[in-house]
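Q: So the chains spell out like this:
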Amino acid sequence: MNIGESVILAFDSIRVNKLRAFLTLLSIAIGVFAIVGAGTLVSSLEGMITQQLADVGETSFWIQRMPKIQRMGEGRSRRKPITYTQYKQFKRLMTSTDWISAYSFTQGMTVKNGNLSTDQDVNLIGCEEYFFIINGTNIVEGRPFTEDDITSNRNVAIIGNDVITKIFPNQNPLGKYLTVGSQSYEIIGVLEAKGATFGQSQDNKIVIPLTKFLTYHANEFEQSLDISIKAYKKELLSSTIDDAYGAMRVARNIKPGEENTFDLDTNDTITDQFSGFMTFISVFGFFSGFIALIAAGIGITNIMLVSVKERTREIGIRKAVGAKKRWIMNQFFIETITICQVGGLFGILLGLAGAGILSSAVGLKIVFPITWVVFSIVICTILGLVAGVYPAMKAANLDPIEALRYE
Amino acid sequence: MDKSNTIIDIGNISKVYEMGGEPVYAIRDISLEIKKNEYLAIMGPSGSGKSTLMNILGCLDTPTTGRYFFKGNDINDMTDNDLAEIRNREIGFVFQTFNLLPRSSALKNVELPLIYSGMKKSERDEIARNTLIDVGLADRISHKPNELSGGQRQRVAVARALVTSPSIILADEPTGNLDSKTGVEIMHLFYELWKKGNTIILVTHEEEIALHANRIIRLRDGLVERDEINHHQRIE
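Heads up: the sequence lines are chains A and B, in that order.
When you read off a place in the first sequence, starting at 1, and then add 774, the result is the number in my numbering.
In terms of my numbering, the second sequence has 99 at position 115, counting the first letter as 1, and numbering is strictly consecutive.
Because the hints were derived from the structure by calculation, they are not lab data.
Only a predicted model underlies this, so the values are computations on that prediction, with no experimental measurement involved.
Only pairs whose alpha carbons sit at most 20 Å apart, straight line, appear in this in silico SDA-like list of lysine to any residue: (1) Lys105(B) with Ile777(A); (2) Lys92(B) with Ile111(B); (3) Lys165(B) with His189(B); (4) Lys92(B) with Thr1086(A); (5) Lys92(B) with Asn791(A); (6) Lys1007(A) with Thr1040(A); (7) Lys1099(A) with Arg73(B); (8) Lys128(B) with Ala784(A); (9) Lys92(B) with Phe785(A); (10) Lys862(A) with Leu1038(A); (11) Lys940(A) with Gln881(A); (12) Lys92(B) with Arg73(B); (13) Lys92(B) with Asn114(B); (14) Lys104(B) with Gly778(A); (15) Lys105(B) with Ala784(A); (16) Lys940(A) with Gly969(A); (17) Lys180(B) with Ser149(B); (18) Lys1099(A) with Asp64(B); (19) Lys128(B) with Phe785(A); (20) Lys1099(A) with Asp66(B); (21) Lys792(A) with Lys128(B); (22) Lys128(B) with Glu110(B); (23) Lys104(B) with Ile782(A).
Chain B regions said to be covered by chain A (calculated; three or more residues, Cβ under 8 Å): (24) 57 to 68; (25) 96 to 104.
To spell it out: a stretch of chain B is covered by chain A in this simulated footprint if at least three of its residues, at any positions, have a beta carbon under 8 Å from a beta carbon of chain A; those stretches are: (26) 34 to 46; (27) 75 to 86.
For each residue, glycine too, the CB sits at the ideal point set by N, CA and C.
Turn these sequences into a full structure, and let the hints guide you.
A: Below, the structure written as structure tokens:
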């Protein structure tokens, strides 16, 4: 009599008690589903963010009026907008890099080409010539803005794929004209297609010079701008950031000793803020899964006790023909662990499938959360051990005479 | 006295239960010697203590007082695990209600004691198969208990009892759940086993069944009333 025999016995009794075994392992599967689902989601989101930040490059940073991710409890302080005038002064003061572009955008625009029109859902972005370098945006056809386009405030536009599909079907849009509101723009470039993130297409947009945007498409010319900046080299990043803080304080007329009235985010600060959010999802997923598993564990103990009770006579027979306590214990132990692990396996598959469906629905690339999967299997084994102890001992300690008499 | 042929040797054993603070004797001061190749019937009405005696003889229970030697080994010194080992190797049980594992095939049921004795699968498979053939179930080897008649089920149980070649076969009312014709067949099987040299202990309350044995012990109120050789042994 060895472990192998016990495993065979365990599988035998799972086979003959299919429904009960199924219900039991379903409860485990739900707990593991929560853990693995959250794990997959977190891994995939992290993968996405890492990819996006890598696209942008690690030497870019951004200045805006308010922090990108506002923490709860942080009241919205009344900060004055970062105006175009302040931006111009900031740009003059920045000597460490030329790669600076303010930008602003508005959603829900309609773009037309003669009779053809998009829905009222196009993102309109206003920026300057370095915007594309700083944000890692590639232009696949045509050209980006030149300094001349910006200073001369030309009516030129660079457009995304979705706009082409809608209003220039099967045509080369370069050199053609489109209309936004009262303005007509010549198309000089096409943006690289990016697909969708969180179900939102990244290609339904057009980009025009900043001052055009502010003059014709913004609510007011003096609306608050965001500024993107890129250091020339990694070694220059921190001095460029220092420079930017100084220039912005002068441009915003902040006196020494006063706090900044703007926010500066680097790749690192965004990653930090994001990882805080990811930790929250992880911890949440883990704890809800863990609590579900504890509940499942109690359920398993209960079901195994019922199983011991139901199989009292079987245990009596086994004891009568010479099964030692240890073997009866092993049998129920291994049965519990097997149920837990098979349930865990189901949960892992469900979790991966669930997160996979969700991820592909919102356009995330799925990342296989290997640590979470291994962790789940370990947890399930431990759960089986803990949940199985009492029923197994109860079975092993049954009096054979009483057990044989049990109806 | 020559003890080389003695399998069971019990002396002055009693089993006492507490009931409402009062000691109740299930059996009292029973002494008994059972030798190899005896065919012994233990008889008595219900409440006479025959079940208790059978449980003790079968090492499922231990006496409160008295000595019990099984092939010279003192049962009173043994742990639960030692007793399990004795049951596994030395005793084959046949029960009134068959007590087969309902969802396992005849073969699996007969293999069960061999699993617990640590025999390899290929080996035990062959022995179990042969034992089933010996009891006349060659064509029922992979049937489950609910696909078998009562008599066939009891034959499976007999095969399970025989499969480890035990020193004694302990049969508790083996015909109690069978019609009389099938009962006769089972008793014939026991007779053949006895003829082949097996030692059989038969527990019954039926005179007719007891008459198959060559020695009959009658119990009453926990005491041995009579212990005699049966000169009118019935042979089926």
